[in-house]
Every structure is written in structure tokens, then in C-alpha cells.
Amino acid sequence: MPTSLLVVDDFLGPRDALALRDAGLRLTYPPDQKGAFPGRNSVERVEIDGLTEAVSRLVGERLRPAPPPQSHAKFRITLAGDIGRAKVHIDKAHWSGVLYLSRPEDCRGVPNSSGTCLPRATARR
1 MPTSLLVVDD
11 FLGPRDALAL
21 RDAGLRLTYP
31 PDQKGAFPGR
41 NSVERVEIDG
51 LTEAVSRLVG
61 ERLRPAPPPQ
71 SHAKFRITLA
81 GDIGRAKVHI
91 DKAHWSGVLY
101 LSRPEDCRGV
111 PNSSGTCLPR
121 ATARR
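Sequential numbering from 1 applies to the sequence shown in the numbering used here.
There could be a bad hint or two in this list.
What the hints assert, rightly or not - For lysine-lysine, the following DSSO-like pairs were computed, each having C-alpha atoms within a straight-line distance of at most 27 Å:
hint	residue 1	residue 2
1	Lys-74	Lys-87
2	Lys-87	Lys-34
3	Lys-34	Lys-74
4	Lys-34	Lys-92
5	Lys-92	Lys-74
Derived by calculation from the structure, the hints in this document are not laboratory data.
Turn these sequences into a full structure, and let the hints guide you.
Written out as C-alpha cells, the structure reads:
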């Protein structure tokens, strides 16, 4: 069976993750961005050296980043009051990746606080 989901804990070391998170929080986020999903993307892109190569090794195939206007290399911030129009979507790509930089203390006691849920596969008859 081909790999369809890969979860990597601690992809970045704690120091690198915190530094990247802090950098992301200093980016520009349009206050009035109204999209299908809660939150907003940064205006700026932040390329992570070696990311494409590292993920290519994990999935066992050569990858290339999605070009603009896709959200590759953009940060996304979602605040408690953000509301979207849609709930489920599928990215038009063979592989999609999310690098969560939320701290555990920011997510405690909030159901589905990460903003992403993975559907459970069920057998079809």
C-alpha cells in the first residue's frame, strides 16, 4: 500500500522551532483577509533551507515546491475570533505539508485547536 499520510513529531529541534515561530509572528498578516477557512496567510514567504530535500527523503520521492499563488512557504495565523465559510478541502497536490509551530500551552483544553483534522478512513462496501 502506498504511503498516504506521514506524521513527523519534532521535525525541527525545539530551539529552531521557537525561532521560526517567533519569526512567523513578526510577519505581516492582512487584517481583512476573508478566505474560505479561518485565519490568514502571511504576505511574506519564508523559505527554509533544505526543507524540500528533507521532505523528499521522508516520502521517498523527489519533490518541488508549489509555485505562487499557492501558499507554499507562507505562515498562517488563526485567532480565536476567526471564522471561515468552509470546513473541508483537498489540496490539488500529490503531497501537502503542514509544519505546526503552536506551543502545547496554547492548545490545551480546546477541541480541534490545531485547525486541522484528518478524517478517519472507513471501508466502503
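Okay, the hints, checked on the actual structure:
Distance restraint check for Lys-74 and Lys-87: the Cα-Cα separation of roughly 20 Å lies within the 27 Å cut-off, and the hinted pair is therefore satisfied. For the hint pairing Lys-87 with Lys-34, the CA-to-CA distance comes to about 14 Å; that is within 27 Å, so the pair holds. For the suggested pair Lys-34 and Lys-74, the alpha carbons sit about 16 Å apart, so the restraint of at most 27 Å is met. Taking the CA atoms of Lys-34 and Lys-92, the gap is near 21 Å; set against the 27 Å cutoff, the hint holds.
Restraint check: the Cα-Cα separation between Lys-92 and Lys-74 comes to about 17 Å, which is no more than 27 Å; the hinted pair holds.
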